[in-house]
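Engineer: Residue strings, one per chain:
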Amino acid sequence: MADVLDGAGPGAKPTTLFTTVTLVVLGLLALAVVFPFIWMLFTSLKPESEIATFPPQLLPHRWTFENYENVWTRIPFARLFLNSILFAGGVTIVSLLLDSMAAYALARLQFRGRNVIFVLILVALMLPFQVMFVPLFVTVHDLHMLDSYSGLIVPRATNAFGIFMLRQFFVTLPKELDEAARIDGCGEFGIYWRIILPLSGPAIATLAVFHFMYNWNDFLWPLLITSSMEMRTLPAGLALFVGSHVVEYGVVMAGAVLALLPLLVAFVFAQRTFIQGIAMSGIKG
Amino acid sequence: MSSRTARLQPSRPWPAMPNRTTIAAWCFLAPSLIVLAVFVFWPIVYSFDLSLHKWKFSADAQEWAGFANYARMWRDARFWNALGNTVYYTAFTVPLGVALPLALALALNRAIPFRALLRSAFFLPVIASFAIVALAWRFMLDPDIGLLAYWLSFLGMPHVSPLRDPNLAMPAVIIASLWKNLGFNMVIYLAGLQAIPIVLYEAARIDGANSFQQFWNVTWPQLRTTNIFVLVISIIGAFQVFDPAFVMTPGGGPLFSTETLVTYIYRQGITNLNLSYAASIGIFLFAVVFLLTLAQLRITRSWED
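Chains as they are written, first to last, in this note's numbering: chain G, 1 to 285; chain E, 1 to 305.
Hints are not guaranteed to be accurate.
Stated by the list, open to error - Which residues of chain E face chain G? A partial, calculated answer using Cβ under 7 Å: (1) Val35; (2) Ser129; (3) Phe242.
I should point out that these hints are in silico values taken from the structure, not numbers from a laboratory.
For each residue, glycine too, the CB sits at the ideal point set by N, CA and C.
Only chain G is shown next, with the shape it has when bound in the complex (with noise of 0.2 Å):
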């Protein structure tokens, strides 16, 4: 997975007129796979009276802001941006520390039910969500944490993936570390705190950016949960705004813009983690 952006492949070396025959292929299909970005932000960067002429065009006659500048008021951007932050936020740092915590001890400790738990925790990962968010969400509105922070965040508190995930990892470490731990008078806790997550660096980042993304990019669960426009993410909040107001297509293209760059700025910088986080949220399914 390490050089899956840059790794050179087996293959006889192509001949050039080949080659250029690909990327010329390959160029075009990547432009149309970037294109609506594209759009996106030349649509942002356009005055509204543009925006709706015809025919459209894809570059603005006037280059402007105000899309920019309106976002905040138009529609509770501020407000959306921040629930997004608070959630997907939220969720990473509780994930991380419940997932870690019972993976720990289903790969480092011996008891009674290990066996049993590890297997429920395996039926946990297949259950898909789609089947049965009509009785979760009875459930959330039965524990009257329904349109509040805790109904987002609570039920996604752990996550049978990341345990599974986690788990693989620690039981790689080699077990005389808890060995000589405990023979030095150090706890399960302090094991746990001090020893195996300081070493586990890289698999709880690639964890972190996979339940970040996912619940920043989430639009099923926060739809659910919420239904008052002060608690929805940004996914929620933009797509339902088009679909109840009479659509400033420029502001909500700028609101667009704006909830896709964090991602991409985490993309750019961490690309490695991010290809591994992803890879593995297709193993979650």
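Model the placement of chain E on the given structure of chain G, informed by the hints.
Structural biologist: Chain E in isolation, oriented as in the chain G frame:
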């Protein structure tokens, strides 16, 4: 580990006080187990309970319904429509969503210029929120102001409004989904390709195998596990599609032509609060996904033997 525990703790008759390790282990596990019990396992049990009742919010006792909710599915044309649409969506996104990324991965695994840049470009949609980019697709396909709709008019499709046309809405959702997930499967395939030992290609070349023979005799069989993985993930994901259909075509699309199983569950359960009926459809979907997972385990096991 077990030998150590045995050494330190002289064997006692069972049942004994749990030892310190056991207590510590349960303390580490307790928070996660509580969350999983309340928000994963209970909802699954609860959905069976819901599906057998005629559930109403704020009623003291819920009316027993037996299998009436399941019988209702059988008679519900919109359920069959949603199932048909989901199968339609799956039938196109899965084969194309596997073949295109494989082709891209093969092309981009070679030593060509701008390789890293091209890979990043194809990967870009993967990191974006589908709900947000689906908005962009919706605007681009708007017949009055959308650039894509305007360009389609040059291709002999004047005044076309894909998201309002019952025949074109689902294809538009499918294309957007393919676009979104292309880079994901590409990365999985690149990882699979890079895991193939180079010596196999060297041996094949010494035997005089050309590029096609190398692909057919080395690459393809070596990608077996990756292929199964990508296929299963894609099928299960396709059956659970929600975001693009819900955001690009709110309300189920023209003549409900983009209503999928999950958007229908949402509409019945959350919008209309027909919780029991929605739970029944959820259990149906669960059965489908369960059978697909089972089939995958079967296939993987038989291939490993």
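Engineer: All hints, please: hold or fail.
Structural biologist: Hint by hint, here is what the structure shows:
| no. | hint | verdict |
| --- | --- | --- |
| 1 | Val35 | holds, 4 Å |
| 2 | Ser129 | holds, 4 Å |
| 3 | Phe242 | holds, 5 Å |
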